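*Asks:* The listed protein sequences correspond, in order, to chains F and G.
All letters in the first sequence, in the order written, are residues 1 to 314 by this note's numbering.
All letters in the second sequence, in the order written, are residues 1 to 249 by this note's numbering.
Hints in this document: simulated from the structure, not taken from any laboratory.
Every value quoted in this text rests on a predicted model; they were computed, and no experiment measured them.
Worth double-checking, as some hints may not be accurate.
What the hints assert, rightly or not - Straight-line C-alpha distance at most 27 Å; calculated DSSO-like pairs for lysine-lysine:
#1 LYS18(G) x LYS79(G)
#2 LYS243(G) x LYS217(F)
#3 LYS22(F) x LYS217(F)
#4 LYS82(G) x LYS243(G)
#5 LYS243(G) x LYS22(F)
#6 LYS79(G) x LYS243(G)
Said to hold, decoys possible - The following residues of chain F were derived to be distant from chain G, with all beta-carbon distances above 12 Å:
#7 ARG123
#8 GLU126
#9 HIS135
#10 ALA279
Even glycine gets a Cβ: it sits at the ideal position worked out from N, Cα and C.
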Amino acid sequence: MSTQRGLHVTNLCREFTARDGKVRRAVDDVSLTVGAGELVSVLGPNGAGKTTTVRMLTGLLMPTSGTVLVDGHDVVRDRRRAALACGFSLGGDTGLYPRLTAQQNLTFFGMMYGLRGKALRNRAGELLAAVDLQHRADDVVGSFSRGMKQRLHLARSLLHDPAVLILDEPSAGLDPQSAAAMRALVARLSGEGRSILLTTHDMREAEELSDRIVLMKDGRIQTESTASELRLAAAERHGHTVNVVFAGGTVPDEMAACPGMLSEQRDGGSVTLRAIDGAGTVQWVLTNFPGRTVSVSVTPPTLEEVFLEMVSAT
Amino acid sequence: MNATFLRSAADQLRMHAKSPMSTFMAVAFPCAFAFVIRSNAAEGHRSAELTADLSVGTAGIGMLDAIIVMVVFSLLGEKQWKTLYAALGSPGGLVPVVLGRLGGIVVQSLIALPGTFVVLALFWGIDSGFAWGRWLVGGVLLALATASVVGLLAVAVLRFPYSAGMTNGLTGLLMALSALIVPQSALPGPVRAAAFVLPQSHVMAWVRDGALGDIAAAVLLTVCYAVLVVLLVHRLEAAVRRKSVPLEV
Chain F
1 MSTQRGLHVT NLCREFTARD GKVRRAVDDV SLTVGAGELV SVLGPNGAGK
51 TTTVRMLTGL LMPTSGTVLV DGHDVVRDRR RAALACGFSL GGDTGLYPRL
101 TAQQNLTFFG MMYGLRGKAL RNRAGELLAA VDLQHRADDV VGSFSRGMKQ
151 RLHLARSLLH DPAVLILDEP SAGLDPQSAA AMRALVARLS GEGRSILLTT
201 HDMREAEELS DRIVLMKDGR IQTESTASEL RLAAAERHGH TVNVVFAGGT
251 VPDEMAACPG MLSEQRDGGS VTLRAIDGAG TVQWVLTNFP GRTVSVSVTP
301 PTLEEVFLEM VSAT
Chain G
1 MNATFLRSAA DQLRMHAKSP MSTFMAVAFP CAFAFVIRSN AAEGHRSAEL
51 TADLSVGTAG IGMLDAIIVM VVFSLLGEKQ WKTLYAALGS PGGLVPVVLG
101 RLGGIVVQSL IALPGTFVVL ALFWGIDSGF AWGRWLVGGV LLALATASVV
151 GLLAVAVLRF PYSAGMTNGL TGLLMALSAL IVPQSALPGP VRAAAFVLPQ
201 SHVMAWVRDG ALGDIAAAVL LTVCYAVLVV LLVHRLEAAV RRKSVPLEV
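Isolated chain F, as found in the complex (with noise of 0.2 Å):
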């Protein structure tokens, strides 16, 4: 066992033979860590391989190479103490008894991890408490709604108390307010120290939650930085967001002069432009219309900004 606290992936590859005998590689050569208490969110496109390597993750499926240590433990080589410090959650409407009840899925698939009598009531109980489920604890889980079933999925992998959880689209499928709920829970998770692997499509999510995130496309990190830091590098190629409103509800012909203008849209009396020196260009309209500005404001690329041009990028 290494002492390695946290979720460490190296050099991770996953090939899949098809019945022609061509190989595809879904997975290739990825590396990444989650540290203590750390949140990492992985962003990908359809296909890009993030659910390939959470089933890795997970001892679902055996890598081809590269390894995984959760909490020091191989996945493949030390399995079973790797699953007891691991707690994963695949989400959807699937993955539950709807037959049964909360509390029965919860006792059934804690004694999967070694939980027994008193002890397993009790984390069963509070951990419905935990996600807003006491009052549905013994209703069977086929009359839940997707927001319900997302959270006794949580609930279900936190039974074992893991050092480690990886959570597959935990928001996915759900009302704003529901995913809203899910995220505090997430967040509040990570707060307790645990080391939270997340896949996503919600950019929201993604940049509200994360410490930092993972780019994946063709089964390779593509980057892996913070989502400002992403925000910023994306910035410096494609310039931030102006958008100037102006008094009179006409915008001045000499906007057209904005040194480092890249694009510009108007509509009416605003004009939303894109320029690589976002400070620069709201000093120089500051100065230029001085008395004529309703208001200014500046931002980087959005975090789907970021993501939709390394989508694109071939």
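With chain F held as given, fit chain G onto it using these hints.
*Replies:* Chain G only, in chain F's frame:
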């Protein structure tokens, strides 16, 4: 005994024991079958009353059908609900869950024993020499023996997407090989040889005034089939992890 196994068996009963289909398979179907057999039997060939071997054999038909149906029903449910991935990712893996389901199905199928007995006894009356011990012990052993053999079907249902379609043929085949209605000695030569490797035929031989050796053979074969099922589930786990065999429909 493994707690996950016991809980899996209990949950099997919670989820599926109320199914009217399983009760029908375990009671109504074998009773109807027994009536057809009895009405076609030559007069005087059998005693008029219900004997232990007829009672166990009839229950055995119900058990066989119910176990096959419930194995398919239960495991296709697991595949549809994608619940086996949680087991696969847990320290104990799939074995205690799948074996627990089979254990629950055995208990579920036991309804055939008193269920068919009551119906047939009401129609025919009970033979004065009815061997109660052989009826009870034989019936329970038959359920265990049948489940251990049908466990192979469970592995097939989990491993191969469309294997559930083979179940109808399997019922007829196992019914013939298990010597449930006619003694093993009355079976044609090649069938008798095949019946010899099935524990059910040895259980039935014991119920039909057989010796303890028949029980020993039945128990030994039942254990062998159960061990084979465990090994095959382990092998399936390895295949799922290595080859990404789906555990879902």
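*Asks:* Hint by hint, say whether it matches the structure.
*Replies:* Outcome of the hint check:
no.: 1; hint: LYS18(G) x LYS79(G); result: holds (20 Å)
no.: 2; hint: LYS243(G) x LYS217(F); result: holds (23 Å)
no.: 3; hint: LYS22(F) x LYS217(F); result: holds (20 Å)
no.: 4; hint: LYS82(G) x LYS243(G); result: holds (18 Å)
no.: 5; hint: LYS243(G) x LYS22(F); result: holds (14 Å)
no.: 6; hint: LYS79(G) x LYS243(G); result: holds (17 Å)
no.: 7; hint: ARG123; result: holds (15 Å)
no.: 8; hint: GLU126; result: holds (19 Å)
no.: 9; hint: HIS135; result: holds (21 Å)
no.: 10; hint: ALA279; result: holds (49 Å)
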